[in-house]
Structure formats: structure tokens, C-alpha cells
Amino acid sequence: MRFWRKVIAITGKDAVSEMRTKEIVPSVLVFALLVMVIFNFAFGARQEMMALIAPGVLWATFAFAGVLSLNRSFVLEKEDGCLEGLMVCPVSREVIYVGKMLGSLLFLLIIEAIALPIFAFLFNLAVLSLQIVVITVLTTIGFVAVGTLFSALAVNTKARELVLPILFFPVVAPIIISAVRASGLALSGEPWSGLSPWLQIIGAFDAIFLVVSFLVFAFVIEQ
Amino acid sequence: MVMNMEGTNSASQAWAVEVQGLVKSFGSHLALRGIDLEVREGECVVICGANGAGKTTLIKVLAAIMNPSSGRVLVNGLNLKDNAEEVRRRIGVVTHQTFLYGNLTAYENLEFYCRMYDVPRRKERIHEVVAMLGVTSRLYERVGTLSRGMQQRLSIARCLLHKPAIMLLDEPETGLDQQAISMLWKALPTEGEGKCTIILTTLNLERGLEVGERLLILDKGKIVYQGSTEALDVADLKEAYQHSMRVGV
Numbered sequence: 001m002r003f004w005r006k007v008i009a010i011t012g013k014d015a016v017s018e019m020r021t022k023e024i025v026p027s028v029l030v031f032a033l034l035v036m037v038i039f040n041f042a043f044g045a046r047q048e049m050m051a052l053i054a055p056g057v058l059w060a061t062f063a064f065a066g067v068l069s070l071n072r073s074f075v076l077e078k079e080d081g082c083l084e085g086l087m088v089c090p091v092s093r094e095v096i097y098v099g100k101m102l103g104s105l106l107f108l109l110i111i112e113a114i115a116l117p118i119f120a121f122l123f124n125l126a127v128l129s130l131q132i133v134v135i136t137v138l139t140t141i142g143f144v145a146v147g148t149l150f151s152a153l154a155v156n157t158k159a160r161e162l163v164l165p166i167l168f169f170p171v172v173a174p175i176i177i178s179a180v181r182a183s184g185l186a187l188s189g190e191p192w193s194g195l196s197p198w199l200q201i202i203g204a205f206d207a208i209f210l211v212v213s214f215l216v217f218a219f220v221i222e223q
Numbered sequence: 224m225v226m227n228m229e230g231t232n233s234a235s236q237a238w239a240v241e242v243q244g245l246v247k248s249f250g251s252h253l254a255l256r257g258i259d260l261e262v263r264e265g266e267c268v269v270i271c272g273a274n275g276a277g278k279t280t281l282i283k284v285l286a287a288i289m290n291p292s293s294g295r296v297l298v299n300g301l302n303l304k305d306n307a308e309e310v311r312r313r314i315g316v317v318t319h320q321t322f323l324y325g326n327l328t329a330y331e332n333l334e335f336y337c338r339m340y341d342v343p344r345r346k347e348r349i350h351e352v353v354a355m356l357g358v359t360s361r362l363y364e365r366v367g368t369l370s371r372g373m374q375q376r377l378s379i380a381r382c383l384l385h386k387p388a389i390m391l392l393d394e395p396e397t398g399l400d401q402q403a404i405s406m407l408w409k410a411l412p413t414e415g416e417g418k419c420t421i422i423l424t425t426l427n428l429e430r431g432l433e434v435g436e437r438l439l440i441l442d443k444g445k446i447v448y449q450g451s452t453e454a455l456d457v458a459d460l461k462e463a464y465q466h467s468m469r470v471g472v
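Residue numbers (the numbering used here), protein chains in the order written: chain S, 1 to 223; chain P, 224 to 472.
No lab work stands behind these hints: they were computed from the structure. In this text, all values refer to a predicted model and were calculated from it rather than measured experimentally. The reader is advised that the hints may include incorrect statements.
Stated by the list, open to error - Here are the computed lysine-lysine pairs in the DSSO-like style, where the Cα-Cα straight-line distance is at most 30 Å: (1) Lys-386(P) <-> Lys-409(P); (2) Lys-386(P) <-> Lys-418(P); (3) Lys-304(P) <-> Lys-22(S); (4) Lys-22(S) <-> Lys-409(P); (5) Lys-443(P) <-> Lys-304(P); (6) Lys-443(P) <-> Lys-22(S); (7) Lys-409(P) <-> Lys-158(S); (8) Lys-304(P) <-> Lys-78(S); (9) Lys-386(P) <-> Lys-78(S).
Unchecked claim - If you want a taste of the chain S side facing chain P, the calculated C-beta under 10 Å gives, among others: (10) Arg-5; (11) Glu-48; (12) Gly-85; (13) Val-88; (14) Gln-200; (15) Ala-204.
Even for Gly, the Cβ is constructed at its ideal location relative to N, Cα and C.
With the rest of the complex left out, here is chain S:
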């Protein structure tokens, strides 16, 4: 119980900070919308083409937006030594990891919740289905599980904006590919059973990287 009270304190602190500054959600959302609009204009209005490329466009958008959002997560902690402030508190490193991860998850889910209806409007596709929502939530959990770990690693480097994507994208490639395939099937009207192999891959990725990131986070931030 004490673990979760402190996790909530960290996530809550990040949420209050974001509500004040609006540094992450609005700017990343604008970026995501711009990417979608550019793709929309680039591929024209042919419906058959849209259905084909839409899953790729959706996940390319969310992946780039995710990196931008995750990059900011630990940058705010570096200002005035706040990460060290957290590290001198009598809490396990895992509390810091889970607290920061839930904060990033919350911000990304808000961005996706706003971006999905706009995507549906721009591409004239039925992306607001339960299947797409489940795929999005599961994939985002995997994203932030890995991204929070790498963000903590990258924040101590000089070229952190470059380091995070270089580390992040090769690792999350399997989950992005699975999300694209599952979304494609969902958009073409496949039932849940058709999506199941891809959802299993996404679920396994989430489980593995949540556990691994949870366990190695202490080594990453303690230098």
C-alpha cells in the first residue's frame, strides 16, 4: 500500500506540473495532428489507399509522438536536481519507475484519445472501435514501459534527444509492427479471433518489458 501511495504521489506531481505548464500534452498533440494532416494530403483521398496505409500512418504518428512525450518526462526531473531529490527519498527505485511510467502513460493516452477521433475524421475510417482502443492501450503500455527506462538512461547524456529514439525504436519495433498488423485487421472487419495472434505478441511484449524495465531501472539511474 505504501508503494502505491508513493507511486501516486509521483504521478500526481507530474500531472499537476503538466496542468500548470501544458508542456507535454498540447505540444505533442499538435505534432501528432500535423503528421496526420501531412500524410492525409500526401496520399490523397482515395478510400482504398487510405484503408491500406492508415494503420501505418496511425502508428508512425503515435510512435513519434510517444518519443517526444517520453523525452520530456525525465528532462523535467533534471531541472534543479529533482531526480536526485527523488533518489534521496526513502523509496525504492521501482517506485520512481512506476510513478514516472504511469505519468507518461496518462499523458500519452490523453493524446491518443484526442488524436484518434481526428484521425477517423481525416481518413474517413472507423478507428473508433473497441478493437482499435484495446490495441492502442496495450501498445501504449509497452511503449511507456520501454520508453521510461530509456528516457531515464538518455537524460544523463548530452544528446538526449537523439539517444532516446536510437535506443527506443529498435526495441519497440516488434510491438509497432504487431500494432500495425492488428489495426489493419481490425479496420478490415476481422473478428477478435483474427487479431488474437498479434494481441498475444503485444501482451507478451508488455509483460516482458514491464518486468525487465522494473528490475533494471535502479541500475540505470544509480550510475
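Dock chain P against chain S, hints included.
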């Protein structure tokens, strides 16, 4: 070589901090080269040395922010390696960085740290420490809008919230004017009931002599001088300090 080592304690005395053979390396660079240090409960030990001497690294290891490469650190008899969380609960850290979130108000920052340290009766405790440090009137302002001196006072408030037995102060005067420095020292529990054990690092030798009961000079990750400030050999001290500063530069 240590120029003046004083046996200041009997073996039976309780040590607040015991450091044995502490080594910290970053790749091939040795930041700390076998530090041995004992600090009595309630003692104020000052560590002087040039930039890069290893002062901040030593504080970070004692605060359990960094793991030592080798050696042993005991805090109130607890091994840092095995009891890091319990050790952190007994320690308060103030550095030239405030550890405060600029976007949050002073109250929100202090409440957050109260939650992290499981401080009971949070509201009362926050009002108690801010009154002690004279920052009550700025409690609901965002930290980012406050002056450097005010932020540093809040940083001390943050450090005192959980009533630490040991305070680690890493160049806390950096960026402060004389008035703020004077307030900083008045705010620290250095006397009477609730007196803390203090380990202070500073570049300012005069300040070290003024506030410390024992003074150490760190040079290239090693203690090169150690002695009581009351009975120190000023010539030895100055020679050791000037040597360390020359090497540091």
C-alpha cells in the same frame, strides 16, 4: 599522505557515519581513492577541496544517490548497501541545486516530499518548518518565481521536514548573497535539542573553520588533512589547502 590525523574518539563512541576504504570510479577515472572517515553523532565536519577533488561524489555516495565501487559506508551502524532506504530516511541533503519543482508552489513541493518521507501531520509540519525559515508568506507561490536565496531556504525546509539525524550539505552557499548565507546558517539545527550531525562541503576555507568542529581537506579523491578546528595547526592546514587548490586548478 594525511598531514594531521587526530584520534578524536574512544572506540565505544557511537559513530553517525563510518566510511571505510571508499572508492568510486567513473570508467578509468578514480573520483574517490580509499576514503576512511568517522563522524560522531552531533559533530559538524567540514570537507574543503578544489573543484574536482571528489567532495560532491563523496556526498552523493553518502546520500545513497550513487553506489560506491568498493568500500563500506555505515550510517548509524546501518550498512548503506543493505539498508539504503532506511539510511535515506535518516539523512537530509542540501546542495546548490534545490531539488524543488519550479512549476509547483512551495507548499506543493513540501507536501510532495512529506508524502515521500511518510511525514505525519503534513500540513502542521510544513507550516512549522516554513515559519522557522521565514518563508511562510511565499508558501503558495510557484518556486520558479522565487529568488535564489528564497529557493535555498525552501530547500533547507524540504531537508528538515522529516527531522533528519544527519545533514549532508554540498556547497549550499553557492549563488547566495551574504544575508542569505547568514540566514542559511541560522536555520540549520547546529545547536541545542535536535542538533544534527552535519557533513558540509565547501570551497570556502574560512567558512569551514567558522562552522566546523573538524576540518578535512580532500585532494584528488583522498583525504590529505584532517584535524579539529579548535586545535589545528594553521600552517599545516594552509599548506595542505593551497597544495590541493593548486593541483585542483
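Status of the hints after comparison with the structure:
Distance check on the hinted pair: Lys-386(P) and Lys-409(P) sit about 16 Å apart at the alpha-carbon level, within 30 Å; holds. Between Lys-386(P) and Lys-418(P) the CA atoms are separated by roughly 10 Å; this keeps the pair inside 30 Å, and the hint holds. Restraint check: the Cα-Cα separation between Lys-304(P) and Lys-22(S) comes to about 40 Å, which exceeds 30 Å; the hinted pair is violated. With a C-alpha separation of about 38 Å, the suggested pairing of Lys-22(S) with Lys-409(P) is violated against the 30 Å cut-off.
Taking the CA atoms of Lys-443(P) and Lys-304(P), the gap is about 24 Å. The hint holds against a cut of 30 Å. The hinted pair formed by Lys-443(P) and Lys-22(S) fails the criterion: a straight-line CA distance of about 44 Å is larger than 30 Å. Taken as a hint, the Lys-409(P) and Lys-158(S) pair is broken in the structure, with Cα atoms around 38 Å apart against an allowance of 30 Å. Pair hint Lys-304(P) plus Lys-78(S) holds up; C-alpha atoms about 25 Å apart against a cutoff of 30 Å.
For the given pair, Lys-386(P) sits about 26 Å from Lys-78(S) by alpha-carbon distance, which is consistent with the 30 Å threshold. The closest approach between the C-beta of Arg-5(S) and any C-beta of chain P is roughly 7 Å, which is under the 10 Å cut-off, so the hint is satisfied. Taken as an interface hint, Glu-48(S) does not check out: its beta carbon lies about 48 Å from the nearest beta carbon of chain P, beyond 10 Å. A distance limit of 10 Å between C-beta atoms decides the matter here; for Gly-85(S) the minimum to chain P is near 3 Å, and the interface restraint holds.
With a least beta-carbon distance of about 5 Å to chain P, the hint placing Val-88(S) at the interface is held under the 10 Å criterion. For the restraint placing Gln-200(S) at the interface with chain P, the shortest Cβ-Cβ distance is roughly 37 Å, beyond the 10 Å limit, so the hint is violated. Annotation: interface hint on Ala-204(S) violated; nearest CB of chain P at approximately 32 Å, more than 10 Å.
This entry does not satisfy hints 3, 4, 6, 7, 11, 14 and 15, going by the numbered hints stated previously.
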